[in-house]
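Trainee: Chains X and D, in that order, are what the protein sequence lines are.
For what it's worth, the numbering used here labels the leading residue of the first sequence as 1, then goes sequentially.
For what it's worth, the numbering used here labels the leading residue of the second sequence as 1001, then goes sequentially.
Hints are computed from structural coordinates only; laboratory data are not their basis.
Don't take every hint at face value.
[Stated by the list, open to error] Calculated lysine to aspartate or glutamate pairs in the EDC-like style (CA-CA distance at most 20 Å, straight line):
id : chain 1 : residue 1 : chain 2 : residue 2
1  : D       : K1024     : X       : D20
2  : D       : K1016     : X       : D87
3  : X       : K44       : D       : D1185
4  : D       : K1124     : X       : D87
5  : X       : K44       : D       : E1014
6  : X       : K44       : D       : E1182
7  : D       : K1024     : X       : D68
8  : X       : K245      : D       : E1014
9  : D       : K1024     : D       : E1039
[Said to hold, decoys possible] Cβ-Cβ distance ranges computed for the label pairs, FRET-style:
id : chain 1 : residue 1 : chain 2 : residue 2 : range
10 : X       : S128      : D       : G1020     : 50 to 60 Å
11 : X       : Y14       : D       : D1013     : 14 to 24 Å
12 : X       : K245      : D       : E1096     : 28 to 38 Å
13 : D       : L1160     : X       : D153      : 40 to 50 Å
14 : X       : A113      : D       : L1093     : 44 to 54 Å
[To be verified] Away from chain X, derived, C-beta distances all over 10 Å, residues of chain D:
id : residue
15 : D1003
16 : I1008
17 : G1020
18 : R1028
19 : R1049
20 : R1056
21 : A1077
22 : V1095
23 : S1102
24 : I1129
25 : K1133
26 : T1147
27 : A1154
28 : S1179
29 : V1187
Note that the structure is predicted; figures quoted are calculated from it, not measured.
Quick reminder that beta carbons are idealized off the backbone N, C-alpha and C, glycines included.
What follows is each chain in one-letter form.
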Amino acid sequence: MPLKESEAIILRSYPLGEGDRLVSFLSRSTGRLRGVARGARRPKSRFGSTLEPLSHIRIWFYERETRDLVRINQCELIRSFLATQRDYAAGLGLAVISEVTEAVLPEHEPSDAAFRLLLVTAGAIERSGQIALPLAYFNLWTVRLGGWLPPLDHCASCGIEFGVEGVFASPMRPGLLCNNCRHPGMRVISPRGLTLARRILTEKLERLAEEDWPSAPVNELNAYSLDLIEHQIERKLTTRRLLEKNLESNT
Amino acid sequence: MPDFAAPIARLIDELKHLPGIGQKTAQRLAYHLLRASPEGALALAEAIRNAKEKIRECSVCNNITDTDPCLYCTNPARNRKTICVVEEPNNILAVEKTRHYSGLYHVLGGALAPLQGVGPEQLKIKSLIERLKNGAVEEIIIATNPTAEGEATAVYLSKLLKPLGVRVTRIGVGIPVGSDLEFADEVTMLKAMEGRRDI
């Protein structure tokens, strides 16, 4: 049972037993894992603040072939987002990316892209204190990395290239549809939203954040991406209701 | 569970619902109860039933109590100018153990935890604001846990309460007594430095 070492991001943790924690984390080299941190809830715990959500850490753990849970031996803090989470809205944004990552990534499958995406998004939320655009970036890229993003340039039904009109989407139907092919009840994505989606896939978040984006197209993209994610994981995201309420109150 | 008689299987199943109790521990507890005298087992059952029937939430502070309002809220010797805000009723015991706090309490019923679907509406914040309306309270001590959720709750409450003209303080966060600075991580050490005071 060799001791493994990896860079990791804490996704969430739950109280376990008297003073332990069950921790879900994304290891850069091993993928998403769950493990037990013994004594982590006790005041003199050697883990300190390293197991708080979204903490970027170096982790040492034991993995046993017959057990689902690894045993967390030691953690060292690389970067903490604890101060960011003091703000409710920013904390909510970080909770969304944490929940989505945990929901879409299978265990034991390394994904360096997902790891970097998580760090970039958390960093952007920390810098700006804003959550809508970083979340739109994160959610759309999560959909793209999952392989669930349809082509953004033509109608999935008639093949016509999208022009200046809005497009229509539903997680129940593959692809985006034009105005002529749309079905009742589909979610509309405005031309601005479509432009933002294309730019998210080709430009850095830092650059996009320099521009002043109206909330409508950003919220459209968030809603569409979260629809696709929920459709794929076959359940509602716990954080979505709180997120939508927060975004609504800011518009 | 085909290996157990139906009543034992049911007992094990019920015990498994308790926090920290798995299948093996539940079996051990079930066999312990079966080996115990009938009076002992029935006394436990009666104690659980009695507690469930008589214990309720205090209508003032949300602490769990058998009298409403609770003993802290009705005790005339307690300082009514200070309210200590905690996440859960069992946090009150930790504060009481110090024997240095004689004010009142307010139990929020949790902390802001979006991953568990807990937002401001799910916490008992409105009743806290109601308690401040008569102007008797001068200080609110926020004693939520020093976790991400607890910190977010503390900051959220402070933003809400300060405009009401009340002093809002936060319990000290940092190095635990008896530990060694050498093993403190950056965030804990930073919190300790931020919270330093004159001696």
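Trainee: For every hint, state whether the structure bears it out.
Mentor: Here is how each hint holds up against the structure:
The straight-line distance between the Cα atoms of D:K1024 and X:D20 is roughly 19 Å, inside the 20 Å bound, and the hint therefore holds. At roughly 37 Å between alpha-carbon atoms, D:K1016 and X:D87 are farther apart than 20 Å, so this suggested pair is violated. As the CA atoms of X:K44 and D:D1185 are separated by approximately 12 Å, the hinted pair is consistent with the 20 Å bound. For a cut-off of 20 Å, the pair hint linking D:K1124 to X:D87 stands: about 19 Å separates their Cα positions.
A C-alpha spacing of about 34 Å is found between X:K44 and D:E1014, which places the hinted pair above 20 Å, so the restraint is violated. At roughly 12 Å between alpha-carbon atoms, X:K44 and D:E1182 fall within 20 Å of each other, so this suggested pair holds. For the given pair, D:K1024 sits about 18 Å from X:D68 by alpha-carbon distance, which is consistent with the 20 Å threshold. For the hint pairing X:K245 with D:E1014, the CA-to-CA distance comes to about 38 Å; that exceeds 20 Å, so the pair is violated.
Proximity of D:K1024 to D:E1039 is assessed by CA-CA distance (about 25 Å); at most 20 Å being required, the pair is judged violated. A hinted range of 50 to 60 Å for the beta carbons of X:S128 and D:G1020 is inconsistent with their spacing of about 41 Å. Taking the beta carbon of each, X:Y14 and D:D1013 are about 22 Å apart, inside 14 to 24 Å as hinted. Separated by about 36 Å at the C-beta atoms, X:K245 and D:E1096 satisfy the suggested range of 28 to 38 Å.
For D:L1160 and X:D153, the hinted distance range of 40 to 50 Å is satisfied, since their beta carbons lie about 47 Å from each other. Checking the proposed 44 to 54 Å range against X:A113 and D:L1093 shows it holds: the Cβ atoms sit about 47 Å from each other. In this structure D:D1003 is separated from chain X by more than 10 Å, as the shortest Cβ-Cβ distance comes to about 23 Å. Distance check on D:I1008: its Cβ is at least 24 Å (rounded) from any Cβ of chain X, clearing the 10 Å threshold; non-interface status holds.
Not every CB of chain X is more than 10 Å from the CB of D:G1020 (nearest about 4 Å), against its label as outside the interface. For D:R1028, the shortest C-beta to C-beta distance to chain X comes to about 15 Å, beyond the 10 Å cut-off, and the non-interface label holds. The non-interface label for D:R1049 is consistent with chain X: the shortest C-beta to C-beta separation is roughly 26 Å, beyond 10 Å. Non-interface call for D:R1056 relative to chain X: holds, since the shortest CB-CB distance, roughly 25 Å, exceeds 10 Å.
With a least CB separation of 30 Å from chain X, D:A1077 remains clear of the 10 Å interface cut-off, as annotated. With a least beta-carbon separation of about 14 Å from chain X, D:V1095 lies farther than 10 Å from that chain, consistent with its non-interface assignment. The claim that D:S1102 is not at the interface with chain X holds, since no C-beta of that chain comes within 10 Å of its own (minimum 24 Å). With a least CB separation of 17 Å from chain X, D:I1129 remains clear of the 10 Å interface cut-off, as annotated.
With a closest Cβ-Cβ approach of about 24 Å to chain X, D:K1133 is found to remain outside the 10 Å limit, as its non-interface label requires. The claim that D:T1147 lies off the interface is violated: its Cβ sits roughly 6 Å from the closest Cβ of chain X, which falls inside the 10 Å cut-off. Non-interface call for D:A1154 relative to chain X: violated, since the shortest CB-CB distance, roughly 8 Å, does not exceed 10 Å. Annotated as non-interface, D:S1179 brings its C-beta within 10 Å of a C-beta of chain X; the closest such distance is 5 Å.
Not every CB of chain X lies more than 10 Å from the CB of D:V1187, the least distance being 4 Å, so the non-interface label is violated.
The earlier numbered hints that this structure contradicts are 2, 5, 8, 9, 10, 17, 26, 27, 28 and 29.
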